[in-house]
Amino acid sequence: MIRLSGLLLLACLLEAQPKDPYIGSQACRACHPAQTQSFFRNAHTKAERGCESCHGPGRAHVSAGGKKDLIVAFSALSSRKALDNCLTCHGKDWSRNNIRHSAHTQADVVCSNCHSVHQAATPKHLLAKPQKDLCYSCHPNVQSQFSMPFKHRVNEGAVQCADCHNPHGAPAPTWRMGQRPRLQQHAQANEQSCVQCHADKRGPFLFEHAALRVDGCGSCHAPHGSANPRLLNRPVVFTLCLECHNGAPGFGRAGQGIPTQSASHNMADPRYQNCTTCHVKIHGSNADARFLR
Amino acid sequence: MRRLLLCLLGAAAVSAQPAFAQPTVAPTPQRAGDANGEDLAGYNIVNSLETGYRFRSVDGNLGKYRSDVNFGNGLRVLGSYLTINSKKPGSGKLFDELVLSTQGLGNDPYQFSSLRVQKDKLYCFDSVWRWMDYVNPALPIANGQHGIDTTRQLQDHDLVLLPQSRFRFLLGYSRNQQDGPAFSTLQFPDGRGDEFTFLDNVRRTRNEYRLGTEFELLKTRFHILHGWEYFKDDTRAPLFSPGPGANPNDTTTLTRFRRDEPTHGQAPYWRIGLHNEALKTFTFDGRFTHTSGQRRFVVDELAIGTGRFGAAQNRQLFAGGNARRPVTTGNLTLSWFPLERLTLTNHTALYNTRMEGEGSYGEFANGVAGLSLLNFQYLGIRTFANLTDANLKLTRWIGLYSGYHFSERRVASSDFSDADPPARLDRAEQTNRLHSGLLGLRLQPLKPLRLSLDGELGRADRPFYTTSEKNYHTLAARAQWKTKRASLLGRYQTNYNLNSNSLFVHSARNRVASLDATFNPKPFLTLEAGYGHTHIETVTGLAYFSLGELIENDRSFYRSRLRQVRLGVQLQMARRADLYFGYHRIQDAARLGRSLMDQAFPLTYQTPLARFSVQITKKLRWNLGWQHYSYREERLAWQDYRAHTGYTSLAWSF
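Heads up: the protein sequence lines correspond to chains F and W, in order. Numbering-wise, this note's numbering puts 9 at position 9 of the first sequence, and it's gapless, one number per residue. Numbering-wise, this note's numbering puts 534 at position 534 of the second sequence, and it's gapless, one number per residue.
I should point out that these hints are in silico values taken from the structure, not numbers from a laboratory. Beta carbons are placed, not taken as given, at the ideal position from N, Cα and C, and that holds for glycine. Please note: incorrect hints may appear among the correct ones.
Unchecked claim - Calculated lysine-lysine pairs in the DSS-like style (CA-CA distance at most 27 Å, straight line):
1. 124(F) / 46(F)
2. 447(W) / 129(F)
3. 619(W) / 88(W)
4. 482(W) / 129(F)
5. 68(F) / 484(W)
Unchecked claim - Sample of chain F residues facing chain W (criterion: CB under 10 Å; computed from the structure):
6. 43
7. 80
8. 99
9. 185
10. 188
11. 207
12. 249
13. 290
Given only the sequences and the hints, what does the whole structure look like? Please build it.
Next up, the structure:
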């Protein structure tokens with residue numbers, strides 16, 4: 001009853017004011033205390049028009065006693081409209097550069113699916129849950145990969161999904177055929193994200209291992225996690241190498257096949273079954289074309 | 001008032017949600033102190049600091065445990081959290097917001113801290129610091145002698161000046177440092193010699209400086225940034241007396257060895273972005289980057305020992321030169337909204353890289369000049385990609401998605417060497433095109449239910465590698481039921497790639513299926529369960545030498561049957577105590593192969609955990625946790641381990 005009287009009084013006062021569609025954040029407090037009480041902690045508190053910066057002009061909404069369709073309610077917006085609203089301010093950031101073409105946007109996953117402005121679990125990026133839990137909630141198979149014996153330390157908190165991925169939409173990859181993988185962050189603006197940390201593998205080298213530059217690190221490694229040491233795609237090294245170095249015609253730089261191993265290598269002898277024992281600089285070498293040093 | 005109380009209770013319940021997907025037992029997700037904080041001098045402060053003791057007991061292979069888990073004994077700051085916010089926006093003197101969180105400081109192998117400080121309209125500073133201790137004790141499943149025990153320190157600092165104005169200034173600094181001992185190998189005295197392990201002292205540093213601006217002009221937002229990256233690798237193998245070689249029957253010896261191989265270089269880069277949302281029916285994003293990178297290198301190596309027949313051997317080699325890799329990219333995304341429910345996007349990408357370098361190589365064997373040669377290498381990759389996608393929302397509950405993607409890649413290389421006179425220059429070039437089509441259906445027949453089906457079909461004409469994608473397809477289905485109290489997610493995906501010609505075959509198939517559920521039957525109880533399996537099967541043609549004979553018709557098989565089970569129960573008792581039980585198990589159930597080329601790696605890895613956290617006073621919590629790691633593989637049982645780890649800690653707020 002008290003609330004109703006307050007609203008009526010507020011509505012009468014508003015009638016006497018000039019018709020500015022904006023009413024100010026103070027008016028929101030009466031009906032939305034939970035959202036406004038701790039809002040001083042929120043980065044959006046800096047927005048010029050307070051609540052109305054995101055929710056649009058609120059005078060008509062208040063005058064109508066809180067009618068839902070007279071205010072921008074994100075829960076009722078289509079995914080595209082929700083994205084449009086956020087990009088009004090956040091479009092300028094470099095990380096949002098390709099957001100309209102992002103695989104997330106194409107799948108109707110937009111800002112409000114991951115970010116919670118009013119009930120954020122992380123004050124820094126206003127994520128609805130801690131980052132890894134948020135990503136796992138839709139990608140549970142990735143969670144199992146990060147629980148493998150060899151893995152990047154995401155569950156341990158040392159590495160985050162966003163270190164390698166740009167969930168807002170990365171440009172086409174500069175490796176493989178430029179179509180996949182999607183949403184992969186580019187290191188130093190245009191290189192595969194792995195070299196951001198593994199700087200020694202970046203090169204340039206006098207003798208490049210073309211596989212890295214042409215098809216990317218994923219040619220040999222499973223980046224999330226693996227049962228195999230060094231996150232390799234195979235449990236032993238030699239099959240990984242021989243699957244490409246088999247001389248099959250039509251492949252390689254000149255279409256004559258990727259060179260087979262030397263005749264001096266006897267694969268029946270265990271000493272030849274771990275190629276990287278001798279080919280130590282397999283990511284690229286400055287001294288030896290066969291990556292021996 | 002009732003509504004206010006309900007809202008506050010709701011917010012408290014949300015903040016009390018357990019941090020699921022938390023396979024490491026510590027730090028404790030529950031914090032000490034009042035979530036609403038305390039007011040002091042115009043600021044609101046929330047803080048919690050958790051300090052405790054971790055213990056471990058390992059039965060089995062300690063090296064493998066350290067490689068996989070690596071938590072040790074000792075005291076540490078398991079976690080901390082601090083936020084300071086000015087109560088009135090913009091009223092803080094030096095800052096309006098400060099957020100600091102840390103994890104594992106002092107003794108954990110994975111340490112992390114994150115800081116944000118900002119003053120409205122003036123500055124915003126973000127900083128992340130990470131420290132990782134990684135051990136890989138040359139595990140024999142790699143058949144390797146390449147052990148590593150290095151620490152890596154990563155730092156990223158970014159400062160934005162005038163963050164809310166039309167002109168923003170960006171400054172940044174990143175540092176990546178890797179130090180520590182490692183073992184590598186060398187073959188001596190030549191390709192028919194033995195392999196010897198030697199000690200490497202790893203010292204790598206990467207520094208990156210950034211300077212840029214963001215501004216708005218003609219309703220278009222611009223981002224311009226220039227960065228400078230400096231890299232130094234001063235890894236060296238000091239004078240060392242290696243032990244016996246890897247092959248006991250080989251009579252070769254290496255008595256002294258030393259190698260210096262410094263590599264220094266820089267990679268300055270530019271990035272320019274633009275974004276325009278001025279029109280309601282049309283938007284565009286542009287992006288241009290250029291990175292020019294170069295590395296100067298020297299290799300100086302000395303090896304002394306005896307050859308196969310006992311004669312003294314010494315080898316000294318020297319290599320030096322320069323390598324460069326300029327990379328340029330251009331991207332343009334056009335988005336058109338001809339109808340309220342229809343979005344068309346087109347992304348065009350152009351990527352060009354040139355990798356080239358020249359170097360000299362000289363070798364002395366037993367004091368006599370041997371090999372001396374000059375090398376020049378060039379590898380160029382130019383990729384053009386055009387990706388067009390359409391998204392149509394037919395009704396509120398049904399949507400369609402389709403796309404056509406095309407890309408063309410040209411790989412060119414030149415290889416000059418004067419090793420075998422006359423000097424030789426080999427050139428090669430090939431072009432590869434990929435066409436792919438995508439189709440998707442999105443359904444939301446009920447508000448809590450979302451269904452999606454996706455498919456992709458791709459055809460490449462001339463893949464570079466035998467394992468690259470050629471004729472591939474992907475099918476994915478997904479169903480999610482999500483309400484405030486329960487969520488159920490089912491997912492299935494299959495990928496198939498066939499890359500074959502008349503003489504060779506590579507076929508790879510993987511299938512992933514999973515079902516995950518979370519249920520909150522009561523505000524104090526949360527249940528979580530998940531099951532997933534991943535089946536991978538590949539077959540690839542092989543050619544190799546065995547006993548001097550070329551084997552051309554063999555194939556490698558690889559099978560993996562991963563099964564994953566995940567369970568979690570979170571119970572809150574009397575609003576003061578939290579109890580969590582979790583269990584995670586991964587099993588590769590593939591059968592061991594019958595031949596060398598028939599590969600599988602069956603293993604079981606499980607980690608049950610339990611954690612108890614009780615609020616002693618309003619500002620103090622006591623936590624206790626235990627986590628067991630059990631690793632068992634079928635191929636090499638001596639690598640198995642069982643480890644009990646745990647911790648006890650106090651979390652307090654002050």
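Quick rundown of the hints versus the structure:
no., hint, in the structure
1, 124(F) / 46(F), "holds (14 Å)"
2, 447(W) / 129(F), "holds (22 Å)"
3, 619(W) / 88(W), "holds (26 Å)"
4, 482(W) / 129(F), "holds (15 Å)"
5, 68(F) / 484(W), "holds (21 Å)"
6, 43, "holds (8 Å)"
7, 80, "holds (6 Å)"
8, 99, "holds (8 Å)"
9, 185, "violated (13 Å)"
10, 188, "holds (6 Å)"
11, 207, "holds (6 Å)"
12, 249, "holds (6 Å)"
13, 290, "holds (9 Å)"
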